[in-house]
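Chains as they are written, first to last, in my numbering: chain A, 746 to 1069; chain B, 53 to 143.
Incorrect hints may have been included.
[Unchecked claim] Computed far set for chain A versus chain B, every beta-carbon distance over 12 Å:
no., residue
1, Pro-795
2, Arg-944
3, Glu-1033
4, Trp-1045
[To be verified] Just the calculated beta-carbon pair ranges, DEER-fashion:
no., chain 1, residue 1, chain 2, residue 2, range
5, A, Asn-912, B, Arg-63, 38 to 48 Å
6, B, Asp-131, A, Gly-843, 50 to 60 Å
7, A, Glu-1033, B, Asp-121, 26 to 36 Å
Rather than coming from a laboratory, the hints here were simulated on the basis of the structure. Every residue, glycine too, gets a C-beta built ideally from N, C-alpha and C.
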Amino acid sequence: MASRSLANRPCSGRYEDIVAAIGHTPLVELKRLSPKPGVRIWAKMESFNPTGSVKDRVARALIEDAEAQGLIAPGQTILEPTSGNTGISLAMICARRGYPLRVVMPDNVTPERTQLLRMYGAEVVYSPGGQGSNGAVAMALEMAQADPSYYMPYQYGNPANPNAHYNGTALEILDELDGEVAAFVAGLGTGGTLMGNGRRFKEELGDAVRIVAAEPMQGEPVQGLRSLDDGFIPPIIDLSVLDRKIFVTNRDAIVWTRRLLDDEGVFAGVSSGAIASIAVRIASELDEGNVVFVVCDDGWKYLSSGIYTRPVDEIENLDSTVWW
Amino acid sequence: MATVRIPPVLRPSVGGEREVQADGETVGEILESLATAHAETRGQLFGADGELNRYVNVYLNDEDVRVLDGLGTPVAEGDVLVILPAMAGGR
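The task is simple: from the sequences and hints, build the whole structure.
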């Protein structure tokens, strides 16, 4: 038989099941976004994970870490606050591993998330949308305190979250780029992506790499705090890992999500647009090197909002939606 | 002179204004001017140690000053300081 070979090796591998297929995502160069020839912009396509987001890595790490510590066994109900992606990833994994799942989610996220969660068998408890993710975290913590039969992985405070990146995403990027990373840009939410990747890159590359956080500027309708004491900082976040921390408005995030689609053919969620905008800004400040940013999720969950087809000025609830 | 954007949670302490003007050459000086002009904001902006309250994020234009030079971060004429409460993100 004539030998056949792949044009691009390695291909993405073969796996015993869908959970094992998490990670090993493509790194794609986005040449049209690069502001100068010596600076290369790379998208780490976490949207290629089985449920379409970077949170597959985190959810698998949260469950497998709890199993390894003997904290959970099949049949145990899992409870977690999420604005969608972590819940969807947990739902897929918990269904396969035999854990009932209940997620607490703000009621102003896009409706696809509820559908996806139910599709994978999770039960959804809604928190007040006006309190953003803070409200979901507070409600889940109260539920866990009131009922000790829940096991809450708590992505905001669980080191398994950043470790999924420290031992996964970062190693893949270093391998693909032969250790040459000038800047790494990701979204700041729980802090897992930035802390895990950031620590690994700093250990390997020292001050030669810049770790940059893009964070959502929450619209005023979701800043429904009674006082600043209701503020929340995820316990896993250590600001000393970051070199820059820059906010992006919902409007700019959506404009750049469209640019990813129109200029590069990348169909991504809203946070990825925000992160891309900061990656291009950082790239414009460098003379050479690789700028890597994370495409956190794909765009399917946002279709009902019309962001890919309607002018940004016609998008409803721009500031009252929790986009990321 | 810089513009300081006030989040909804702090507006009752500044007479309902969405933004105010304040003098100073550093982030710390500008916030001190704000706290002097609107005394109710002092306890919310600063902790007992005089540092920023941990649940307050202050951005020079769009960059978090904690990752720059903190309260010592220089502010130029026409810059905008944005005060935001620390909110959970993440998914």
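Minimum Cβ-Cβ distance from Arg-944 of chain A to chain B exceeds 12 Å:
16 Å, holds
Verify this label for me: Trp-1045 of chain A is non-interface relative to chain B, using a Cβ-Cβ cutoff of 12 Å.
14 Å, holds
Distal placement of Glu-1033 of chain A relative to chain B, Cβ over 12 Å:
23 Å, holds
Does the Cβ pair Glu-1033 of chain A, Asp-121 of chain B satisfy 26 to 36 Å?
Distance hint for Glu-1033 of chain A, Asp-121 of chain B holds at roughly 27 Å.
Holds or violated: the 38 to 48 Å window for the beta-carbon distance between Asn-912 of chain A and Arg-63 of chain B?
This hint holds: roughly 45 Å between Cβ atoms.
Check the following: the C-beta atoms of Asp-131 of chain B and Gly-843 of chain A are separated by a distance inside 50 to 60 Å.
About 55 Å separates the Cβ atoms of Asp-131 of chain B and Gly-843 of chain A, which means 50 to 60 Å holds.
Pro-795 of chain A remote from chain B - nearest C-beta pair above 12 Å
16 Å, holds
Going through the hint list in order, the structure satisfies each hint without exception.
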